[in-house]
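Colleague: All chains should be built: construct the whole structure from the sequences, respecting the hints.
Chains as they are written, first to last, in my numbering: chain A, 1059 to 1527; chain U, 144 to 401.
Hints were generated in silico from the structure; no laboratory data involved.
No residue lacks a Cβ here, since even glycine has one placed at the ideal position from N, Cα and C.
Some clues are possibly wrong.
[Unchecked claim] Some chain A residues well away from chain U (every beta-carbon gap over 10 Å; in silico): (1) Ser1142; (2) Arg1171; (3) Cys1246; (4) Pro1298; (5) Ile1314; (6) Tyr1319; (7) Cys1336; (8) Thr1373; (9) Ser1440; (10) Pro1479; (11) Lys1481.
[Said to hold, decoys possible] Ranges between beta-carbon positions, derived for each pair: (12) Gly1419(A) x Arg270(U): 37 to 45 Å; (13) Asp1316(A) x Phe186(U): 46 to 54 Å; (14) Phe1087(A) x Gln178(U): 54 to 62 Å; (15) Asp154(U) x Arg1345(A): 36 to 44 Å; (16) Lys1390(A) x Asp154(U): 53 to 61 Å; (17) Asn1452(A) x Lys289(U): 37 to 45 Å; (18) Gln178(U) x Asn1452(A): 48 to 56 Å; (19) Phe186(U) x Asp1499(A): 49 to 57 Å.
[As the list claims (entries may be wrong)] A few chain U residues that face chain A, going by a derived Cβ cut-off under 8 Å, partial list only: (20) Tyr159; (21) Leu166; (22) Phe304; (23) Asn306; (24) Ala308; (25) Arg310; (26) Gly314; (27) Pro351; (28) Leu383; (29) Glu384; (30) Tyr386; (31) Val390.
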Amino acid sequence: MLRSQGQTTVRFWIALLTGKSAALLCRLFRHSGTSLPGVVALKVYPQLLSVLAADYERIVAVTGTNGKTTTANLLAHLLRSSGSSTVNNHEGANMISGVVTALIKDWTMLGERRSQIAVLEVDEGSVGKVFPSVKPDLLVVTNYFRDQLDRYSDLDHNINLLRRILDELPQTLLLLNADDPLVVTAGCDHSVASYYGVASEQKDQTGDCEIREGSLCPDCGAFLAYNYYNYGQLGAYYCPNCTFRRPVPDFLASEIQDDDYLEFILHVCQRKGRNENCSTADTVRLRAQMRGFYNVYNILAAAAAATTLGVSQQTIASSLMEYAPAAGRMEKFIYKGRPCTLNLIKNPTGLNEVLKTLLRGKGEKALVIAINDLAGDGRDVSWLWDAGFEMLDNPSIKMIVCSGRRAGDVGVRLKYAGVPPNKIIIEPECKPSIEGLGEQDAGEYHILASYTSVFNYSKLLRKMGKAVE
Amino acid sequence: MRIKVCHLYPDLFNLYGDQGNLLIFCRRAQWRGIQVEVDMVSFGETICLTGYDFVFLGGGAESNLSLMSKELQEKGRFIVEAVEQGTVLLAIGLGFQVLGRFIKTQDGAVLPGAGVFDLYIETGMDRLVGDILLETAVDLQEEMKKTSVVRETPLATLVGFENHAGRTFLGKEARPLGRVLKGQGNNRDDLSEGARYKNAFGSYLHGPLLAKNPHLADILLSRAILRQGGGKLTPLNDELEIYAHNVIKNRLVGGYNN
Ligand SMILES: [Zn+2]
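Modeller: Below is the structure:
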């Protein structure tokens, strides 16, 4: 309950009620409403965020270029599983208005918050606006990658921005990705930091063609040397010229298995100093219904943050198993200069939702629909006939590339759904199907893939295009 | 030309995309300029099927078995009557099982079937699940060569996906749809799959059955239009269907279907 008195209180109430009314209107008019209530409420009372945030028992923030959404959603899930009521801006609206909207929705009309903890995903360009108001108890920084898609975000700018902001947050405990020299650079002046990282056995498959950021030592400007790369510039680096090197992780992931599930051993180290080895380590095996090496970092960051907040390893391990990434969760890319979304499809209902969503877009569209029939997908693909592919008999659909082990089944389904045969291409292999998509002169690309192929598409799109977050 | 089609029990038998068979049947008629009129007959409604050229009964949940058996004790004779008068019928999965003489369930109960097909079912302990490849019955292969005006040698096989606990044992009045080359079939032992009697066809194959077997769809269609005085079917471009058929066939023949 709000305790402050006087004129500020009046404006607070007006702002809260305005925000909540806006949220209600958004719901009535089926507007997504993930930022609009915050925009309106902040107009009424610009200090609203600091008043709302100050009332929470704990605030955790997650920032960085990639993996914010997954990490924050996962952390919120772990905290809830441990019995702490938790609010988060789970819809990925991570600018100040989205953060405020999530908190407004957590407050009742009587001016009471429903949750004990707030987990806030914060856009790396918005840290300057959010953090003076929100003083997080724990801040997770995932990574910094160059993001050509966002004109406003400049890598160095963002890193320096965070560095400056952190000066004003002496109480905030940092949880940093040890494997990213840029993250370590951003947090290097801060007194209280712990680190998470991934052990060396995972070799970077992408070779030399990948752009790697942060090849220069932040301390002396020499080229950093690497013992190994994990992903992008993430790996075990050291400066051949000075003492700058990858900090020893307090939370280490090793023995990674990326098959039907993502599995690794989490070591929680107790150590004396930043560059000392662990004196002792608790280990626990973690397993999640996710795939893709990049998700090891997300799970690791969430587990490390949860551990820091006092969640037991047992709770983390068991609730991680239950966590299923939301069906049809959109991953966004830019490919051949066009927006490209990747969606997991696994049942008629989810597929129909995805189709409805993509058809709402105004532009011309080209699609890949990739269906495998391995154990993770379901061996029987007859369910394709229970889904409403008839929606795709639509002039805004320019071309559909059918892919996967069941490319033929997809093609036949589309034909009987009324899609003209000259709009149907069969290309069973993943990479050529993306290339086939890239030949289509459409305003937007959509890839719909079943469980065992969605990760291949995600991985390839990161290479052939660019991930957006 | 105009044909009348009945979707029997769409509310109970709506699993595994089997109603796709009906869509395929209707589209293949419409693409040839044949008009199709579809009626749906729900559980508990009075049925009269003799006026239909094609009747479809899909797969359903096994929990509905006793319910269906009861319904067909009363109404099964209408289906039998229509089949005896030459109505073309396709029944899949559970819809196929309830058209036999009886079903012995796992707990020993015996549920009467509609008696369209001369066969009985024993419910097994385990399910027979997986992709399946059949060699189409020889007389059907001969008929396929004659169904359309021009046609290259039609596919000699049928492909689909089976998933059933029931074991079907054919009596001498019922002929199988084909011989199992890969997979389990009616009962895992005698290599038969499905059943035929006059213009009635039953099968365990999902996929749905007609999606990758356009040659079978055309047999059903050509028999249905024959009732209305129709002749040979004009050929369609079945490249996609045949491609999809061959992917599964080659995978099963090659033995690398893991
Ligand atoms: Zn250096």
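Colleague: Hints first: check each against the structure and report whether it holds.
Modeller: These are the hints, each one checked on the structure:
no. : hint                               : in the structure
1   : Ser1142                            : holds (40 Å)
2   : Arg1171                            : holds (45 Å)
3   : Cys1246                            : holds (50 Å)
4   : Pro1298                            : holds (48 Å)
5   : Ile1314                            : holds (24 Å)
6   : Tyr1319                            : holds (18 Å)
7   : Cys1336                            : holds (41 Å)
8   : Thr1373                            : holds (36 Å)
9   : Ser1440                            : violated (4 Å)
10  : Pro1479                            : violated (7 Å)
11  : Lys1481                            : holds (12 Å)
12  : Gly1419(A) x Arg270(U): 37 to 45 Å : holds (42 Å)
13  : Asp1316(A) x Phe186(U): 46 to 54 Å : holds (48 Å)
14  : Phe1087(A) x Gln178(U): 54 to 62 Å : violated (43 Å)
15  : Asp154(U) x Arg1345(A): 36 to 44 Å : holds (41 Å)
16  : Lys1390(A) x Asp154(U): 53 to 61 Å : violated (40 Å)
17  : Asn1452(A) x Lys289(U): 37 to 45 Å : holds (39 Å)
18  : Gln178(U) x Asn1452(A): 48 to 56 Å : violated (25 Å)
19  : Phe186(U) x Asp1499(A): 49 to 57 Å : holds (50 Å)
20  : Tyr159                             : holds (5 Å)
21  : Leu166                             : holds (6 Å)
22  : Phe304                             : holds (5 Å)
23  : Asn306                             : holds (6 Å)
24  : Ala308                             : violated (15 Å)
25  : Arg310                             : violated (20 Å)
26  : Gly314                             : violated (29 Å)
27  : Pro351                             : holds (6 Å)
28  : Leu383                             : holds (5 Å)
29  : Glu384                             : holds (5 Å)
30  : Tyr386                             : holds (5 Å)
31  : Val390                             : holds (5 Å)
The structure is inconsistent with the numbered hints 9, 10, 14, 16, 18, 24, 25, 26, although it conforms to all the rest.
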